[in-house]
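There are 2 protein chains.
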Amino acid sequence: MAPPGAGLLSLNTATTRGHWGLAQAIEGCARHGILGISPWRDLLHVMGVDKAAKAIRAHQLTVTGLCRGGMFPARDARSRKANIADNLRAIDEAHALGARCLVLVVGGLPEGSKDLAGARAQVRDGIAAILPQAKAAGVPLAIEPLHPMYAADRACVNSLAQALDLCDALDRGRRGAPDLRLELRAYHICDWLVPTTDLLLDRGMMGDGVIDLKRIRGWMARAGYRGFHEVEIFSANNWWKRDPDEVLATCKARHRWMS
Amino acid sequence: MAPPGAGLLSLNTATTRGHWGLAQAIEGCARHGILGISPWRDLLHVMGVDKAAKAIRAHQLTVTGLCRGGMFPARDARSRKANIADNLRAIDEAHALGARCLVLVVGGLPEGSKDLAGARAQVRDGIAAILPQAKAAGVPLAIEPLHPMYAADRACVNSLAQALDLCDALDRGRRGAPDLRLELRAYHICDWLVPTTDLLLDRGMMGDGVIDLKRIRGWMARAGYRGFHEVEIFSANNWWKRDPDEVLATCKARHRWMS
Chain A
1138 MAPPGAGLLS
1148 LNTATTRGHW
1158 GLAQAIEGCA
1168 RHGILGISPW
1178 RDLLHVMGVD
1188 KAAKAIRAHQ
1198 LTVTGLCRGG
1208 MFPARDARSR
1218 KANIADNLRA
1228 IDEAHALGAR
1238 CLVLVVGGLP
1248 EGSKDLAGAR
1258 AQVRDGIAAI
1268 LPQAKAAGVP
1278 LAIEPLHPMY
1288 AADRACVNSL
1298 AQALDLCDAL
1308 DRGRRGAPDL
1318 RLELRAYHIC
1328 DWLVPTTDLL
1338 LDRGMMGDGV
1348 IDLKRIRGWM
1358 ARAGYRGFHE
1368 VEIFSANNWW
1378 KRDPDEVLAT
1388 CKARHRWMS
Chain B
1138 MAPPGAGLLS
1148 LNTATTRGHW
1158 GLAQAIEGCA
1168 RHGILGISPW
1178 RDLLHVMGVD
1188 KAAKAIRAHQ
1198 LTVTGLCRGG
1208 MFPARDARSR
1218 KANIADNLRA
1228 IDEAHALGAR
1238 CLVLVVGGLP
1248 EGSKDLAGAR
1258 AQVRDGIAAI
1268 LPQAKAAGVP
1278 LAIEPLHPMY
1288 AADRACVNSL
1298 AQALDLCDAL
1308 DRGRRGAPDL
1318 RLELRAYHIC
1328 DWLVPTTDLL
1338 LDRGMMGDGV
1348 IDLKRIRGWM
1358 ARAGYRGFHE
1368 VEIFSANNWW
1378 KRDPDEVLAT
1388 CKARHRWMS
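Protein chains in written order, with this note's numbering: chain A, 1138 to 1396; chain B, 1138 to 1396.
Bound conformation, chain A alone (with noise of 0.2 angstroms):
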C-alpha cells in the first residue's frame, strides 16, 4: 500500500541529524511519502554523490536544496580562496544531484573581526567569484538569511532586504544590462520555542511554537512560490533524541496541519 502523501514536505537532513545517514533519509522519505530531500554535504560526502544521486533518482525525490555553500569571510586571502573552492566543488555536487538550489549560509565575521559591512563586502566577493561557475552548471544560488542572533558567526545577512540587496551589489558589478534571475527559490520551516534554550540547537517542531507559519505560508505563496516546504530542525534535546520514524510522521502531521 502506498504510504498517505506529504504534499510539498522536503525533509532536510538536518532534521534526522545523528540517526540516519543519506541513504536512510532518502529510504525514510521514500517510506513516508515524502517527495523532497534536502541533504547536508558531510553525509553526502560520506555516501558518496554518485550513489546518492543513483537513490535520489531511484525514489524519484526532488533535491530541494543542497546544504550548504557560503562561508565565504576569513581573515586571510589564502583560506578566502580555500572557501570558494570549496563552494565551486558544492555546485558541482549540487549539479549532480540536480539540486533546486545551492543554499548559501553566508559566513559571518572573520575571527578576530568586528567588521559587519566588511564581512558582507566578502560575501558579495566571494559569490561574484562563484557566480559564473553556477550559472554554467544551472545551479541557482540561494541566499539563505538568517536570524540576526547568528550574524557574528554564521551569516552576515540577515534580512530578505540584505539579500536583495547583496543580489543588486552583484548586479552593479557585472558588466552591461543586470542579468540576475530574482527569485523565492527555498523555503525552511520549523518554529521557535518560548524559552528557546539555545541560539542554534533548540528548534521547534511546526506548530510548538510562536511562529504564524499560516500567515508566512500565504506570503510565500502570494510571492508567487510554489516549490517545496523543507523542514529543517536543529533541536539536540528533543527531535534529535527521538526515533527518525516518529520525528517524519510528526513532520507530515505538523506540515499538513499547517497547509
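Warning: the hint list may mix true and false statements.
Which copy is meant is left open, because identical chains are indistinguishable; a pair holds if it fits in one copy or across any two.
[Unchecked claim] Straight-line Cα separation of at most 25 angstroms, SDA-like style, residue types lysine to any residue; simulated pairs:
#1 Lys1251 x Ser1296
#2 Lys1191 x Glu1164
#3 Lys1188 x Cys1304
#4 Lys1188 x Ser1296
#5 Lys1251 x Asn1295
#6 Lys1191 x Gly1355
#7 Lys1251 x Asp1335
#8 Lys1251 x Tyr1362
#9 Lys1378 x Ile1348
#10 Lys1251 x Phe1371
#11 Lys1251 x Trp1329
#12 Lys1251 x Asp1349
#13 Lys1251 x Asn1374
#14 Lys1251 x Lys1351
#15 Lys1351 x His1156
#16 Lys1251 x Val1183
#17 Lys1251 x Arg1354
Keep in mind the hints are simulated off the structure, nothing from the lab. Small disclaimer: the values here were computed from a predicted structure and weren't measured.
Knowing the structure of chain A, use the given hints to seat chain B on it.
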C-alpha cells in the same frame, strides 16, 4: 582623594543584580566616580522611592533612566488595563527620581498568541494611553527596541525603524499637528559574546564580544546624542558572580577603552 572620573558612564543596576540593592548601587557609583545610574523598579520599591530620590540627590547622580515600563500586550482587556496602571505608577516614580526617561520594554506576544502585528497594535494603544500623563509629568518615554530574538517574550519592537514607525502611528492618532518630539533618549552598552550561551543572561562586558562599539558610539554622536552611556549587563555565569566593585572597575576601564 576623589576617585578618577568615569565620564559619561552610567550604571544600570541590572549589572550588579543579586549583590547590590539600590542603596548599595548608589553608594557604589559614588565610590567609583560614576555619575549616572539607572535603577530597576524592583530594587526601587525595596528601597522606597522617597529614600532613593534623596540618596541619589545627595550623591548628585543623574538618573539616566528608570527600568522599566512597557509590557503592554495581554490576553484580555482587564490585564491590559492593569499593565497601563502599572506604567502610570512607573511614570510617577520616574518623575520623583528626576529620571531622564522611563524605559519601555514594550512586551511581546500575549500568552497563546502568534499575532505579532496585533501585539504591536496593543503596544501602540498602551503608549497612547499613558502619553498624556508622561507629558504632564515631563517624563520622556524611551521605547527600547530589543534584539529580534526577544520578539515573542519581551519586546515586539525590534529595530529603530519600528520604533520610529510606532511614534508616527502615535502622532497620527492625535488631533491636530504632530507634537511628539523624537530623539535618542538613552544609550545602553554591553557586548555580544561568541558563543552566546543564553538568550537573556549571557551578555558580555564591553570589549569581550564582537560588537564594534566604537563605531556605534560614533553613530550616536553624529546623531546628536550627548547623554550618558548606560552599561546594562545580564550575565548569570560571569559578571553576576563577581564582586560588584570589580565589575564597576571593569566597566570604567572598558568604557574608557571604547570612548
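Right, here's what the structure says about each hint:
1. Lys1251 x Ser1296: both (19 angstroms within a copy, 20 angstroms between copies)
2. Lys1191 x Glu1164: Classified as within: same-chain Cα gap 12 angstroms, cross-chain 73 angstroms, threshold 25 angstroms.
3. Lys1188 x Cys1304: Classified as neither; 34 angstroms inside a copy, 58 angstroms across copies.
4. Lys1188 x Ser1296: Neither, since 36 angstroms and 47 angstroms both go past 25 angstroms.
5. Lys1251 x Asn1295: The answer is both: 16 angstroms in one copy and 21 angstroms across copies each meet 25 angstroms.
6. Lys1191 x Gly1355: Classified as neither: same-chain Cα gap 35 angstroms, cross-chain 57 angstroms, threshold 25 angstroms.
7. Lys1251 x Asp1335: both (23 angstroms within a copy, 21 angstroms between copies)
8. Lys1251 x Tyr1362: For Lys1251 and Tyr1362, only the inter-copy Cα distance (23 angstroms) is at most 25 angstroms; the intra-copy one is 36 angstroms.
9. Lys1378 x Ile1348: within (23 angstroms within a copy, 35 angstroms between copies)
10. Lys1251 x Phe1371: between (27 angstroms within a copy, 21 angstroms between copies)
11. Lys1251 x Trp1329: Between copies only: 11 angstroms across, 28 angstroms inside.
12. Lys1251 x Asp1349: Answer is between: at 5 angstroms across copies they meet the 25 angstroms cutoff, but 34 angstroms inside does not.
13. Lys1251 x Asn1374: between (32 angstroms within a copy, 24 angstroms between copies)
14. Lys1251 x Lys1351: between (37 angstroms within a copy, 10 angstroms between copies)
15. Lys1351 x His1156: So Lys1351 and His1156 fail the 25 angstroms test inside a copy (30 angstroms) and across (46 angstroms) alike.
16. Lys1251 x Val1183: neither (35 angstroms within a copy, 40 angstroms between copies)
17. Lys1251 x Arg1354: For Lys1251 and Arg1354, the Cα distance is within 25 angstroms only across copies (14 angstroms; inside one copy 35 angstroms).
Of the numbered hints stated above, those contradicted by the structure are hints 3, 4, 6, 15 and 16, listed in ascending order.
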